[in-house]
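I would like the entire structure built from these sequences, with the hints used as guidance.
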Amino acid sequence: MTAPSLDWQILVPAIMIVAGFALLLAGLIARRRHMRAEEEQNEQWEQPRRPQMAPLPRLLSTARADHEE
Numbered sequence: 007m008t009a010p011s012l013d014w015q016i017l018v019p020a021i022m023i024v025a026g027f028a029l030l031l032a033g034l035i036a037r038r039r040h041m042r043a044e045e046e047q048n049e050q051w052e053q054p055r056r057p058q059m060a061p062l063p064r065l066l067s068t069a070r071a072d073h074e075e
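All letters in the sequence shown, in the order written, are residues 7 to 75 by our numbering.
If you are wondering where the hints come from, they were derived from the structure by calculation, not from laboratory data. No residue lacks a Cβ here, since even glycine has one placed at the ideal position from N, Cα and C. The reader is advised that the hints may include incorrect statements.
[Unchecked claim] Here are the simulated distance ranges between beta carbons:
(1) 50 x 23: 37 to 47 Å
(2) 49 x 27: 26 to 36 Å
(3) 60 x 39: 42 to 52 Å
(4) 50 x 12: 49 to 59 Å
(5) 35 x 13: 30 to 40 Å
(6) 38 x 66: 58 to 68 Å
(7) 39 x 18: 23 to 33 Å
(8) 31 x 62: 52 to 62 Å
(9) 57 x 31: 42 to 52 Å
(10) 40 x 66: 54 to 64 Å
(11) 47 x 12: 45 to 55 Å
(12) 61 x 38: 37 to 47 Å
(13) 43 x 20: 29 to 39 Å
In structure tokens form, the structure reads like this:
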């Protein structure tokens with residue numbers, strides 16, 4: 007009866023260690039995919055830049071308001 011209990015005492019921690027490594031690997035893969043998707047999204051946002059307008063000329067009413075003060 008001691009043989010099966012000894013097997014479980016060795017087997018359960020080994021299974022938990024393997025599961026931990028599997029979760030760590032899955033987390034690293036998910037992180038890499040997330041970073042890659044973020045980079046692609048940032049590239050898409052940078053492409054549609056609109057040309058900037060030239061500054062508008064000052065209005066006559068604004069010029070008069072500056073002289074009054």
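- Message: So, against the hints stated earlier in the document, which numbers end up violated here?
- Response: Those not satisfied: there are none.
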